[in-house]
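Here's the letter readout for the chains.
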Amino acid sequence: MMTPRRVAITGLGLVSPYGGDLADFFTRLTAGESAIRYLSTDDPPRPLSMPFAGCPGFDPDAALGTPLASMMDRFAQLGVAGAFAAWDHAGLPRAAAGESRDGWGVCWGTALGGTLAYEKGYRDLWLKGRDRLSPLTVLLGMNNAANAHISIQLGLGGVSMSHTVACASSAIAIGEAFRRVRSGEAPVMLTGGSDVPQAYGVARAWGAMRVMAPGDAETATTACRPFAADRRGLVLGEGGAALVLEDWDHAAARGARVHGEIIGYGTNSDHSHLVRPNVDGQIRALRATLDDAGLTTADVDYVSAHGTATAEGDAAEIAAIRAVFGERAGRLPVSATKSMHGHLLGAAGAIEAIATVLALRERVIPPTANLGPDTLDPACGGVDHVYTGRPGVRLRTALSNSFAFGGSNAVLAFRATAH
Amino acid sequence: MKSIELVRNFLAARQGIEAARIVPEARLADLGVESLMMLELIFECEDKLGIKLPEDLRTPKTVGEMVDLMDGLLASQNG
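From first to last, the protein sequence lines stand for chains A and B.
One gets this note's numbering by counting positions in the first sequence from 1 and adding 50 to each.
One gets this note's numbering by counting positions in the second sequence from 1 and adding 214 to each.
Which residues of chain A face chain B? A few of them, derived with a C-beta cut under 10 Å, are:
no., residue
1, G115
2, S120
3, M121
4, R180
5, R182
6, L183
7, P185
8, L186
9, L189
Dumping the calculated DSS-like pairs for lysine-lysine here, alpha-carbon to alpha-carbon at most 27 Å:
no., chain 1, residue 1, chain 2, residue 2
10, A, K178, B, K216
11, B, K262, A, K170
12, A, K178, B, K266
Just so you know, the hints here were simulated from the structure itself, not pulled from any lab data.
This one's a predicted model, so the numbers in the text were calculated from it and none came from an experiment.
Every residue, glycine too, gets a C-beta built ideally from N, C-alpha and C.
Just chain A, same shape as in the assembly:
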């Protein structure tokens, strides 16, 4: 068996609900600024309105060019744009030149895939009475569209996989990509996720589960309140987020800047219930990740929580953290950035991984917005909640949690490079 390789993170890229670049994303995040707005459409036959973290400024034609953009559903557009940003950030040329990319690959997360394409098909068939659909419908809608386009555009000849694991999709994609680099199978992997949950049928389906936070134009920015006693649920969002994972020696040989290191990954199943969070399953996932990374609980300086702001989920997650970290939990900084950028479903794990890597690099912990000591739910107590951005802290190692409907858990471990 090959000696495990160190895995550098050499590129980060996203299309975030904040609308700007990577620096803009992290500045706003650490300032506690919400990207959540009130979405109100007048689409027939029924309008859709809800708090939502959208990317209204995203111009797929400008980002990708019309010929390419027109071959994609919005989830793939956001994903490929995020992937291109990460690739450029890593200093890798779009076109392969010299070194073969036959072993380089993509692991991509999406919970929903091209639901807008399928919904357009349903509208055309059932609402407009048409009897045929665009020949592109399957290619726009398929779940592996984003990773397929990424592989084609960047000439990556290794694995090209999509991971559909609900809210843990891109955390698992990152973890699986990490394993391929660590094992020596691939020198470079592009990984991340993208999702677009505002198809009418999808949004209404989420609404039917009664896990969506209510809100209006006045209150949308504070609608998502993880760990607060008055939390009312999650706020959906759209976006694409990507990381370039690279064999440490490969990165060093080409003089790449290393933004952080991914050092561990644990994933498992609660094997108990489709939606009820299971503390034991989360504990096992956290411990598996610590073991995989060779860490003790004393090594962890920050946990980026899954923290969707559902009644049961938040309390279960904090209970799991308390159980794993014991008496140290009270001094362990924890925050949930979904309070600001919303729940990006298949992109959630990736955008939170980016936030965690930037936190380690910049030594600033982003907060949980809309939370304070006076509003904290006692059932979510016992950890060091980060109420406002916390700069200048000792940050060497951090975990990022993703816990999905279906009972799949994934935890990623990251380490800062030497400052």
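For this one, chain A is given, so just place chain B on it according to the hints.
Showing chain B alone in chain A's frame:
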């Protein structure tokens, strides 16, 4: 809409090709119309012109052949 205008509009939107290049003798393959895009173009023609192209269509090779095909169908199916 005339058939040639439809082809021009489609290729301008999808491929950014200027209208002057889309002349009857131009080969569709040279304009980037490969098999998948041909399906799209056929769909667009059926949609915008209200015609139905036969399943056993002999795939046109040039813009002129495409336009002649559509014009013929327009005359026969709407006539």
